[in-house]
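Count along the sequence shown from 1, then add 70; that gives the number in the numbering used here.
Hint data in this document are derived by calculation from the structure and do not stem from the laboratory.
All the pointers check out, no bait thrown in.
Pair by pair, the computed Cβ-Cβ distance ranges are:
# : residue 1 : residue 2 : range
1 : G250      : K443      : 50 to 60 Å
2 : K301      : K116      : 48 to 58 Å
3 : E421      : P234      : 47 to 57 Å
4 : I246      : K301      : 18 to 28 Å
5 : E420      : D211      : 14 to 24 Å
6 : P292      : E213      : 17 to 27 Å
7 : P292      : D314      : 20 to 30 Å
8 : T380      : E430      : 35 to 45 Å
Quick list of in silico lysine-lysine cross-link-like pairs, DSS-like style, CA-CA up to 30 Å:
#  : residue 1 : residue 2
9  : K450      : K434
10 : K350      : K323
11 : K424      : K414
12 : K443      : K456
13 : K264      : K238
14 : K238      : K306
15 : K375      : K350
No experiment lies behind these values; they were computed from the predicted model shown.
Glycine included, C-beta positions come from ideal geometry on N, C-alpha and C.
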Amino acid sequence: MTNRSRTFPTSFAAMARSVDGPGKISFEQLHSGIKVACSGSGVEEKTLVHLFGNLDKEAVEAFKGSIPRFIEEGDLRYYERLGGQHLESMRSSFLYLHRAIKMWTEHPYIRDARLMRSALHEGCVPKHVFIEVLCTRVFKDLEKVQKAYEFIYGERVHEHIKSPSFTKLEIKVIEIMLWGERWLYHTNEEQAKKDAALLHQILTDDHGTDGMYVATMIAREPITHLQSVLKHFKTKSGGISIYDHVEMLQKHKLLRVIFQCLLDPISYFTEVLDTSLEAKEHDFHDKDALMRVIVTRGKDLKSIKEAYFTRKGKKLIDVIGDSTKGHYKHFLSDLFRRLEVDEKEKEREEEEKKNKREEEEKNKREEEEKKNKREEEKEKKKREKKKKKKKEEEEEEEEGGEEEQEGGGEGGGGGGGGGGEGEEEAGEEEEEEEEEEEGGGGGGGGGRRRRRRRRRR
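I would like the entire structure built from these sequences, with the hints used as guidance.
The structure is reproduced here in structure tokens:
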């Protein structure tokens with residue numbers, strides 16, 4: 071990581087040490103300093119201030135005359151002005167920081183609406199930026215982006231998509247994606263084979279093919295179904311993927327962006343970053359993609375960094391530091407670190423939430439186990455109580471039967487004299503006969519004795 075306390079690169083610091091005071095910078099130093107200060111994305115603002123602030127008139131004239139077409143001379147009165155191409159280049163270099171701050175501070179829906187407008191109407195950014203917004207936002211967010219677009223510009227997005235830069239199939243896909251979200255159901259392999267055949271036919275020769283069906287399939291089918299379609303498409307094309315197929319045909323190029331943003335956004339944005347960091351000086355649209363990806367894909371930054379390192383073998387933050395200049399470089403570096411911190415904070419919060427959920431589930435399980443244990447103990451006590459009660463009833467019945475037998479014998483002795491022993495033996499043989507004997511004169515005494523015993527209990 072570059073130390074921010076160091077104002078100039080090594081070459082600039084050495085150049086500054088060679089200057090003894092104002093007006094001492096030579097033309098060679100000025101020329102090489104400007105070339106380095108304005109290379110890449112952004113500008114070394116402090117270096118330019120130092121260089122031009124210490125020039126004398128002769129050095130300025132030498133500088134102007136050294137660059138062809140940098141100064142345009144008027145035909146009549148010999149007025150001088152900066153050349154249009156160089157002026158635009160300088161303006162774009164100084165505006166990198168302005169655009170980055172504006173994009174970062176805007177509301178996401180407003181930002182996406184402006185990106186759509188620039189891609190569709192103003193031509194300031196490539197058309198594939200519109201596809202990026204369309205394919206990488208969930209439908210609820212996309213609806214709000216469309217409302218923001220209509221609020222800012224007083225027009226609907228649909229009014230600008232029918233342009234010559236889009237093919238008929240691409241227009242249909244975009245319209246359907248703007249109107250509704252994707253279906254949810256399981257992938258049907260047989261249907262995926264049929265859809266792959268139709269897609270291959272419409273890309274090769276769309277005569278007689280139902281373009282609306284293919285567009286609906288691309289715009290509404292689940293991602294898993296599209297993955298199966300592209301797998302069968304590659305088989306049908308003899309091992310050629312749809313991306314290579316589109317490149318060979320030079321037709322429906324935006325379909326490649328649509329499929330890649332839908333099925334593998336990390337790979338797509340890694341490729342965009344790579345193109346932006348290796349873009350030439352005049353490729354301002356490609357260079358702008360660097361801040362666009364960092365600002366709009368902050369949530370995927372970790373995966374993008376890993377994919378970029380796998381692709382190039384270099385750390386993304388180091389390459390950004392080598393490819394940018396000045397305050398723009400410091401802003402992107404700080405923003406990059408800020409997003410990394412936010413990402414780690416988010417991971418920490420998710421980990422805490424996960425641990426909290428696990429703890430709550432554990433407490434819930436323990437509470438359920440305690441509850442089940444209490445219920446089991448309660449049921450066990452009920453069973454024991456019931457068993458005890460049943461045992462007492464059986465014992466009571468047995469004691470009652472013995473008392474009835476004893477009462478029947480005593481009653482027979484009081485009422486029938488010497489015939490009591492015969493009746494007691496008969497009562498031992500048959501309980502029913504004992505009850506009949508108790509119904510006699512002596513039976514009343516046995517019944518009263520039994521009732522008194524029960525009361526005592």
